[in-house]
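From first to last, the protein sequence lines stand for chains X and U.
Going by this note's numbering, the first residue of the first sequence is number 1, and it counts up by one from there.
Going by this note's numbering, the first residue of the second sequence is number 1, and it counts up by one from there.
Check each hint, because a few of them may be wrong.
The list treats identical chains as one, so a pair stands whether inside a single copy or across any two.
[To be verified] Derived pair list, reagent style PhoX-like, types lysine-lysine, alpha-carbon separation capped at 25 Å:
#, residue 1, residue 2
1, Lys161, Lys32
2, Lys182, Lys201
3, Lys150, Lys178
4, Lys107, Lys182
5, Lys32, Lys107
6, Lys161, Lys182
7, Lys215, Lys16
8, Lys16, Lys107
9, Lys231, Lys72
10, Lys182, Lys215
11, Lys72, Lys201
12, Lys16, Lys161
13, Lys107, Lys86
14, Lys32, Lys201
15, Lys201, Lys86
16, Lys72, Lys107
17, Lys161, Lys86
18, Lys72, Lys150
19, Lys182, Lys248
20, Lys178, Lys107
21, Lys242, Lys32
Honestly, the hints are just simulated from the structure, not real lab data.
Number of protein chains: 2
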Amino acid sequence: MIKIELKIIIIASMLKVEVVLSPALLHLFDAKNKNVVVIDILRATSTICTAIHHGALAIKPVNNTDEALILKGSGYLTAAERDGHKLDGFDMGNSPFECMNGAVLNKKIALTTTNGTKCITAATIAGAANVLAGSFLNISAIAQFLIADKRDVVLFCAGWKDSVNLEDSLFAGALAQKISTKEAIECDSTLMVIDLYNRAKANIGQYLEQSSHYKRLSRLHHREDMEYCLKSDEMDIVVGLKSGEMVKLQVN
Amino acid sequence: MIKIELKIIIIASMLKVEVVLSPALLHLFDAKNKNVVVIDILRATSTICTAIHHGALAIKPVNNTDEALILKGSGYLTAAERDGHKLDGFDMGNSPFECMNGAVLNKKIALTTTNGTKCITAATIAGAANVLAGSFLNISAIAQFLIADKRDVVLFCAGWKDSVNLEDSLFAGALAQKISTKEAIECDSTLMVIDLYNRAKANIGQYLEQSSHYKRLSRLHHREDMEYCLKSDEMDIVVGLKSGEMVKLQVN
Chain X
1 MIKIELKIII IASMLKVEVV LSPALLHLFD AKNKNVVVID ILRATSTICT
51 AIHHGALAIK PVNNTDEALI LKGSGYLTAA ERDGHKLDGF DMGNSPFECM
101 NGAVLNKKIA LTTTNGTKCI TAATIAGAAN VLAGSFLNIS AIAQFLIADK
151 RDVVLFCAGW KDSVNLEDSL FAGALAQKIS TKEAIECDST LMVIDLYNRA
201 KANIGQYLEQ SSHYKRLSRL HHREDMEYCL KSDEMDIVVG LKSGEMVKLQ
251 VN
Chain U
1 MIKIELKIII IASMLKVEVV LSPALLHLFD AKNKNVVVID ILRATSTICT
51 AIHHGALAIK PVNNTDEALI LKGSGYLTAA ERDGHKLDGF DMGNSPFECM
101 NGAVLNKKIA LTTTNGTKCI TAATIAGAAN VLAGSFLNIS AIAQFLIADK
151 RDVVLFCAGW KDSVNLEDSL FAGALAQKIS TKEAIECDST LMVIDLYNRA
201 KANIGQYLEQ SSHYKRLSRL HHREDMEYCL KSDEMDIVVG LKSGEMVKLQ
251 VN
């Protein structure tokens with residue numbers, strides 16, 4: 001038993017981790033054949049994980065509302081958010097609570113959001129081996145997957161319309177710290193977010209009250225969503241892209 | 001006397017400060033009519049401040065080596081650095097120590113570097129009211145200038161070939177903290193770098209030993225340069241752009 005634990009620590013310490021703080025910086029990184037974790041904590045990737053956890057079969061990220069509405073004809077639920085608002089004419093917005101109480105059980109969902117869904121597409125185009133949805137809700141399961149898979153890791157923060165944001169950076173720091181050590185890291189952004197996370201970890205919710213998107217979502221009465229999205233390890237699934245749809249990955 | 005101090009604190013707390021973590025993110029910010037501080041701590045903007053402090057009349061940032069060599073015919077000293085190396089055929093590289101002991105007294109210098117000089121040009125094109133050279137060496141003088149001038153501030157990190165780096169981010173945090181308060185800040189990047197600076201401030205040199213560019217410059221034997229560039233308040237000048245050249249600004 002002790003032997004197994006030691007082995008995991010050694011693998012983790014060797015993992016190369018880079019952090020992309022904004023989609024506008026993705027071109028500086030080589031994501032090819034790496035594990036890319038797309039991070040849109042408030043709320044897209046947290047909602048994607050929640051939907052799968054509550055029985056959705058798949059979430060198809062689409063880049064615009066037209067694509068989502070076309071898929072409605074094929075039986076998909078449609079979900080669309082822009083600037084924090086649910087769009088009229090769609091079944092859902094971008095709130096994790098819309099995925100609970102059987103609402104998405106055995107359903108497929110076509111989802112388009114302001115930031116997160118575009119990044120899933122960008123990571124795919126960049127040639128990622130796996131594109132995972134990042135969320136605090138299943139952070140330990142994601143960490144275990146990445147450590148076991150051993151590939152280099154790119155943590156890809158969705159930000160807000162290309163601007164760097166606190167909540168995605170914080171999550172990147174939390175995950176980077178779980179899967180690697182500072183000594184193994186050569187990327188300054190990764191070092192930055194690890195220190196940021198350690199500054200904030202005692203009370204992430206309180207820390208984020210100063211952030212731009214937290215204030216934006218508070219004005220839109222999404223405070224309950226945010227409190228939920230900052231909970232850690234509520235589920236042990238890993239959600240990643242298969243054939244263009246986010247699904248529950250089989251974890252060995 | 002007490003009254004004056006109180007007034008300064010009140011003005012400082014109202015200053016709007018944004019931080020551009022990489023040149024690739026500058027387009028997200030409106031720098032027009034703002035005070036922009038270009039930050040290339042290791043070493044361009046530290047060297048520019050040092051040269052002016054040691055009697056250089058002006059440093060003209062140019063974007064390529066050809067432009068620098070043309071200015072040689074007009075009596076300029078030429079300084080060129082790429083990837084940390086001084087280029088052959090130029091009078092100087094990018095080291096602050098080359099500016100000491102009378103070497104630049106009453107001289108003008110045409111300077112081109114990997115990152116910093118390009119950012120001075122970019123800030124000018126973006127319509128900045130003032131483009132200042134950022135360095136720890138005169139950080140308090142810069143802070144006093146910004147507080148007195150009252151304009152909104154953009155702290156523009158040069159990074160390394162568009163990648164975010166630790167040393168420029170740290171300086172941005174140090175300066176942001178001197179001129180504003182967290183309550184007045186709406187930019188997540190600014191909040192991030194302030195916390196990063198507070199994490200590192202006890203020993204910035206030691207903190208930066210983990211950074212990518214520190215390691216790069218160490219390999220190139222520029223350790224002495226780095227130790228110098230991290231010293232605070234060695235001079236009380238403010239260096240900014242006038243008619244395309246970095247000169248000592250008159251401070252009221």
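Evaluation of the provided hints:
1. Taking CA atoms no more than 25 Å apart as the test, lysine 161 paired with lysine 32 passes in both settings, with 24 Å inside one copy and 20 Å between copies.
2. Taking CA atoms no more than 25 Å apart as the test, lysine 182 paired with lysine 201 passes in both settings, with 17 Å inside one copy and 18 Å between copies.
3. In this homomeric assembly, lysine 150 and lysine 178 come within 25 Å of each other (Cα to Cα) only inside a single copy, at 13 Å, whereas the closest approach across copies is 43 Å.
4. When the C-alpha separation of lysine 107 and lysine 182 is checked against a cutoff of 25 Å, the pair qualifies neither within a copy, at 41 Å, nor between copies, at 44 Å.
5. Neither within a single protomer nor between protomers do lysine 32 and lysine 107 lie at most 25 Å apart by alpha-carbon distance, with minima of 31 Å and 49 Å respectively.
6. Within a single copy, lysine 161 and lysine 182 get their C-alpha atoms only as close as 29 Å, which misses the 25 Å cut-off; across copies the closest is 22 Å, which meets it.
7. In the homo-oligomer, the alpha carbons of lysine 215 and lysine 16 lie at most 25 Å apart only across protomers (17 Å), although the nearest pairing inside one protomer, at 34 Å, exceeds that limit.
8. With identical chains, the CA atoms of lysine 16 and lysine 107 are never at most 25 Å apart, being 36 Å at best within one copy and 47 Å at best between copies.
9. For the homomeric pair lysine 231 and lysine 72, neither the shortest alpha-carbon distance inside one copy (32 Å) nor that between copies (62 Å) is at most 25 Å.
10. For the homomeric pair lysine 182 and lysine 215, the shortest alpha-carbon distance between copies (14 Å) is at most 25 Å, but the shortest distance inside one copy (32 Å) is not.
11. With identical chains, the CA atoms of lysine 72 and lysine 201 are never at most 25 Å apart, being 41 Å at best within one copy and 55 Å at best between copies.
12. Taking the shortest alpha-carbon separations for lysine 16 and lysine 161, only the inter-copy value of 20 Å comes in at or below 25 Å, while the best intra-copy value is 27 Å.
13. Only within a single protomer do lysine 107 and lysine 86 lie at most 25 Å apart by alpha-carbon distance; the minimum there is 19 Å, versus 62 Å between protomers.
14. For the homomeric pair lysine 32 and lysine 201, neither the shortest alpha-carbon distance inside one copy (31 Å) nor that between copies (37 Å) is at most 25 Å.
15. Taking the shortest Cα distances, lysine 201 and lysine 86 never come within 25 Å of each other, neither inside one copy (30 Å) nor across copies (43 Å).
16. For the identical chains of this complex, lysine 72 and lysine 107 are intra-copy neighbours only, at 11 Å inside a copy versus 71 Å across copies, given an alpha-carbon limit of 25 Å.
17. Taking CA atoms no more than 25 Å apart as the test, lysine 161 paired with lysine 86 passes inside one copy only; the shortest distance there is 17 Å, against 39 Å between copies.
18. For the identical chains of this complex, lysine 72 and lysine 150 are neighbours neither inside a copy (38 Å) nor across copies (54 Å), given an alpha-carbon limit of 25 Å.
19. Taking the closest pair of Cα atoms, lysine 182 and lysine 248 never come within 25 Å of each other, the shortest separation being 30 Å inside a single copy and 40 Å across copies.
20. In this assembly of identical chains, lysine 178 and lysine 107 lie within 25 Å of each other by CA distance neither inside one copy nor across copies; the values are 33 Å within and 53 Å between.
21. Taking the shortest alpha-carbon separations for lysine 242 and lysine 32, only the intra-copy value of 16 Å comes in at or below 25 Å, while the best inter-copy value is 45 Å.
Checked against the numbered hints above, the structure violates hints 4, 5, 8, 9, 11, 14, 15, 18, 19, 20; every other hint is satisfied.
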